[in-house]
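Residue-level listing of the chains:
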Amino acid sequence: MLRLSLRGLGARKLRAALTIVAVALGVALIAGTYVLTDTINKSFDDIFQTAAQGTDVSIQARDAVENDDGNVNTTIPASFAERVERVPGVAKVSGEVDTQGALFDPKGKRIGGHGAPTLIFSTQPAPFSPLSYPQGRAPKTDDEVALLESIADKHDVKVGDTVSVVGSGPRQPVRVVGLAKFGGVTAFGGAAVVVVTLPEAQRLAGTPGQLTGISVVAAPGVEPARLRDAIRRVSPQTVAVRTGKENADKNSRDIRDQLSFLRTALLAFAAISLFVGAFIIFNTFSITVAQRMREFALLRTLGASRRQVMGQVLAEGFLIGAIGSVVGLLAGLALAPALRALFKAIGADLPSSGNVVETRTIVVSLLIGTVVTLVSGLLPAIRATHVPPVAALREGAVLPPTRAHRFVTPAGVVMGALGALALGAGLFGGAGVTLVGLGALLVFLGVAVLSPKLVPPLTAAIGRPLPGLMGRLARENTVRQPGRTAVTASALMIGVTLVAFVSIFAAGAKATIDDAVTSALRPSALIVQNTDGFTPIPSAVGDAMARVPGVRHASEVRYTTGRVRGVKGDASIAAVDPATLATVFEIPWEQGSDATLRTLGDGGTIVSKKYAKKNDLKPGSRVRVLTPTREHVTLTVRGIVDDRTELFGDLTVSARLAHDAFGQRQDALVLLDVDPSRAAAVRKSIDTALDHHYPIAETLTAKEFTDRQAGQVDQLLALIYVLLSLAVIVSLFGIVNTLVLSIYERTRELGMLRAIGTSRRQVRRMIRYEAVITSLIGAAIGIVLGLVIAVAIAQPLKSDGFQLAIPVGQLVVVMVLAALAGVLAAILPARRAARLDVLQALAYE
Amino acid sequence: MTFNDAVHATDLRRRYGEGEAAVDALAGVTIGFARGEYSAIMGPSGSGKSTLMHCLAGLDRPTGGKVVIEGTALSGLDDADLTKLRRDKVGFIFQSFNLLPVLTAEENILLPLSIAGRRPDRAWFDQLVDTVGLRDRLTHRPSELSGGQQQRVAVARALASRPAVIFADEPTGNLDSKASAEVLALLRRSVDELDQTVIMVTHDHDAASIADRLVVLADGRVDEDRRLDREAA
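Residue numbers (my numbering), protein chains in the order written: chain A, 4 to 848; chain B, 84 to 316.
None of these hints come from the bench; they were simulated from the model. For every residue, glycine included, the Cβ atom is placed at its ideal position computed from N, Cα and C. Watch out, some of these pointers could steer you wrong.
Each pair of labels, with its calculated beta carbon distance range [said to hold, decoys possible]:
hint, chain 1, residue 1, chain 2, residue 2, range
1, A, A464, B, S226, 22 to 28 Å
2, B, R118, A, D840, 28 to 34 Å
3, A, V378, B, E101, 32 to 38 Å
4, A, L820, B, G111, 55 to 61 Å
5, B, H223, A, A464, 21 to 27 Å
6, A, G486, B, H223, 20 to 26 Å
From the structure, some residues in chain A lie toward chain B, with a derived Cβ separation under 10 Å [claimed, not checked]:
hint, residue
7, L472
8, V482
9, R763
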């Protein structure tokens with residue numbers, strides 16, 4: 004029987020190839036994702052392991068509460084290094100400072116600043132050797148730096164060039180004296196690494212006399228773990244003490260955690276593609292089972308059991324699944340670098356050295372591809388067993404409807420409803436991503452099951468403008484087998500739904516940001532922020548801005564994190580300048596007034612409406628907050644704000660308190676109150692001052708700021724579109740496959756049409772129309788479904804100020820693209836149909 | 084040779100395959116079919132009757148000789164021209180009806196005109212419908228019609244564009260005797276009353292006997308070509 008399956012596949016090569024592609028694309032994304040993330044992880048592991056060589060024990064400053072931005076607020080006094088040195092068993096210690104800043108090439112152009120950070124490391128004496136210098140040497144004085152080799156090469160910076168660095172103070176010209184490797188490699192995930200002397204690093208970090216870490220070498224014969232324990236006994240809670248190896252593992256783990264999001268996201272898109280592929284496999288098998296009814300009946304009359312017939316279909320499914328999985332796996336190896344290039348294009352230059360192919364990658368790819376194919380082929384295989392032997396003798400016999408047939412519509416409704424519930428629970432009940440995925444799956448299945456009922460009316464509506472006899476025939480052919488058209492269209496629907504949902508949601512997000520910022524920011528205000536759009540800027544920028552003539556006030560805003568006693572999870576903490584904020588920002592008071600700001604001091608806080616409601620806080624309530632630097636502060640609620648710009652945190656405190664008690668030394672942004680009578684001139688002098696001293700920052704009007712935010716949303720959107728396009732491509736193969744199979748069924752009809760004078764062009768047009776109708780049905784259902792889901796999800800978000808905006812233009816573009824995709828999908832089937840040999844087609848039975 | 088023939092073939096040859104395996108389905112057939120003539124082509128299986136019809140209708144390309152339909156030589160035509168020729172000058176009736184299941188009887192009848200983008204002549208259409216006796220079945224789909232009715236639709240379809248010649252390939256092959264008689268009578272009337280030219284391939288002697296002329300092929304050649312005494316049929 005297996006041989007029969009093989010023969011069957013060979014006899015229907017095109018169909019088999021198209022089905023294999025449907026499996027392979029999803030599998031390719033799975034394999035590609037694993038290879039990419041494994042490779043990145045491996046690269047980082049190597050870097051950290053190499054960097055840890057020479058260090059027996061590593062002491063790192065540790066925040067009590069972790070910041071969202073990954074920065075550590077806590078520092079270690081340099082004196083603690085001396086204390087560690089006195090611990091028995093310690094041979095040598097080296098204090099170090101890791102911080103972040105910005106680097107500018109000899110022409111003053113920023114290096115990096117597109118996603119990857121600029122890391123500033125202090126030099127370390129031998130034997131501590133995370134850094135090595137293939138060219139030049141380590142910096143020895145405050146005006147010398149070494150740069151990571153790859154970054155220097157990429158920006159054409161050579162030893163002897165003068166570059167500049169911005170840390171906590173104004174731009175500082177420094178001379179490049181060496182090109183460095185970190186952890187044995189010349190690249191570090193796209194990050195720019197600047198090596199400076201320890202005192203310079205402390206100055207750039209704005210923390211003189213403080214360290215971020217201490218590396219320790221054990222005396223000969225002393226076990227690192229022993230020494231670690233000894234050091235722990237003398238260490239405060241603000242440091243973490245690990246062996247060199249443990250520290251490398253921890254760094255690897257942190258990177259893994261960060262990358263796991265990437266992996267999950269990519270795998271989700273792979274799952275979508277596979278799900279779409281499953282529709283196509285199901286459809287292909289259903290159609291072929293119907294077409295091969297006589298063959299199955301013949302097998303049955305020759306004595307084959309039902310199980311053997313089913314086995315034959317499943318064996319074919321297994322073969323297609325297995326071949327598709329292998330093809331997908333191989334394609335995935337090629338896809339991994341392409342994915343990397345995709346992320347690089349949006350600024351995340353992930354390191355990778357060769358392709359890491361784990362056994363897990365191979366097993367998972369092959370298993371998932373094969374299982375998905377088998378599961379999708381199961382229902383058609385069961386249907387094949389229902390073919391009565393007598394069908395072999397009767398001409399034009401049709402498959403008997405299954406007993407489950409009349410339950411199909413209720414089942415679709417139930418699936419859709421359950422899916423919607425699961426989706427809601429997953430999104431708002433906090434039940435998690437798995438439930439969201441399951442819900443979406445059920446909704447799609449439910450709609451797909453119901454969609455055969457939508458095919459006739461939608462075909463009539465969509466196909467109406469198609470002119471002439473070919474338009475009429477295309478409409479009729481589309482509704483001839485509504486189930487087949489529905490499944491084909493549903494495959495496309497899935498991709499379109501997600502595209503529609505994402506674009507509607509993104510449009511809403513943009514409108515929300517736009518409205519919130521424009522309405523809250525005073526017209527005279529300017530925003531100063533990092534040119535990269537997200538990392539902090541030195542607090543000195545605000546002071547410098549305040550000195551520019553025409554700037555009436557400069558109001559700084561910073562962010563950190565705290566843990567409120569009795570409340571689960573961390574609270575976001577915003578810090579503002581109480582004296583000036585009201586001059587630039589229209590504070591949406593729920594309780595309190597601008598005067599409330601002045602009462603903030605060191606013990607007051609303003610609470611967001613949402614946080615207050617959730618934790619039952621009122622003016623006068625007291626909260627006790629643990630800060631990243633392990634201080635406990637008691638804050639009294641002074642006011643409540645209902646802010647949609649997210650300028651305010653869960654709790655908002657004074658900037659001074661954030662600095663003193665939370666250890667936050669940098670600003671996220673500075674809002675300037677500019678004399679409106681000479682706004683243009685003032686902005687010009689601001690920009691000159693920034694260019695000169697703080698090229699790390701730039702000024703933006705409210706409009707420019709929201710445009711920038713919209714740009715970031717659009718960039719993310721583009722990435723999602725690219726990843727979703729895979730699912731759409733898979734569904735196009737489905738359209739091709741369905742058309743090819745239906746043309747095969749209609750061979751004689753096409754022969755007759757050609758015989759009585761239909762031109763090839765007319766035949767092609769008819770097939771093209773059919774493809775366009777099918778793809779537009781998918782797109783129409785998809786857009787409506789995407790719209791419904793977006794509206795449903797936006798509803799509860801309205802209280803947070805979310806505004807629903809429907810990007811009509813974009814949705815129209817989606818429809819047009821769907822129509823074009825249909826035209827594209829029709830090319831091959833139309834050509835086949837037009838090339839039919841009329842005589843053979845007429846003789847065909 | 085008569086230039087007035089609706090269809091004329093000269094030394095028509097059709098060879099399938101090459102070398103030793105080559106088969107001459109037509110080994111030099113010269114024959115003309117006059118306007119308004121009802122011809123039946125008979126012959127045993129493999130005699131070349133279907134090949135002759137296909138070559139005459141421009142569906143198959145002969146390997147030698149030439150075919151002229153209403154003064155147009157088929158040999159010089161490309162696919163697009165042949166298609167146009169079939170559309171305008173040739174009607175087909177098939178053994179298995181070959182109606183489009185998605186169209187109504189009326190739409191099937193008008194199909195050749197729709198393909199050509201021509202407006203139907205209502206008077207002609209009415210006359211046709213009455214001739215084939217399908218007035219009350221026009222809105223039905225093929226699946227709702229009997230075999231005989233379907234074939235009558237097919238006859239009407241072949242007549243709709245008033246072609247120079249109608250080729251009927253075993254038109255009664257799938258019909259019972261009553262339906263067969265109806266369809267044959269219809270073809271007869273289309274010749275007598277509508278002045279059509281009909282060339283019918285059949286292996287049914289009763290069917291052939293309704294024609295004006297009987298051509299019998301054997302081994303790719305014309306074996307017999309005679310006029311039938313219709314009164315005797």
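A:V378 versus B:E101 beta-carbon gap, inside 32 to 38 Å or not: At 49 Å between Cβs, range violated.
Verdict for A:G486, B:H223 (Cβ pair) under range 20 to 26 Å: 24 Å, holds
Restraint check, 10 Å cut-off on beta carbons, for A:L472 near chain B: Nearest chain B Cβ about 4 Å off; hint holds.
Consistency of beta-carbon spacing, B:S226 to A:A464, with hint 22 to 28 Å: 25 Å, holds
Interface hint compliance - A:V482 to chain B, C-beta minimum distance less than 10 Å: With Cβ-Cβ at 8 Å, under 10 Å, it holds.
Status of the given 21 to 27 Å range, CB of A:A464 versus CB of B:H223: 26 Å, holds
Hinted contact A:R763 with chain B - closest CB pair below 10 Å: Status holds, d = 7 Å.
Cβ separation of A:L820 and B:G111, checked against the hinted range 55 to 61 Å: Once the Cβ atoms are compared, 59 Å apart, the range 55 to 61 Å for B:G111 and A:L820 holds.
A:D840 and B:R118 - C-beta distance against the hinted 28 to 34 Å: Since the Cβ atoms of B:R118 and A:D840 sit about 31 Å apart, the hinted range of 28 to 34 Å holds.
Of the numbered hints stated above, the single one contradicted by the structure is hint 3.
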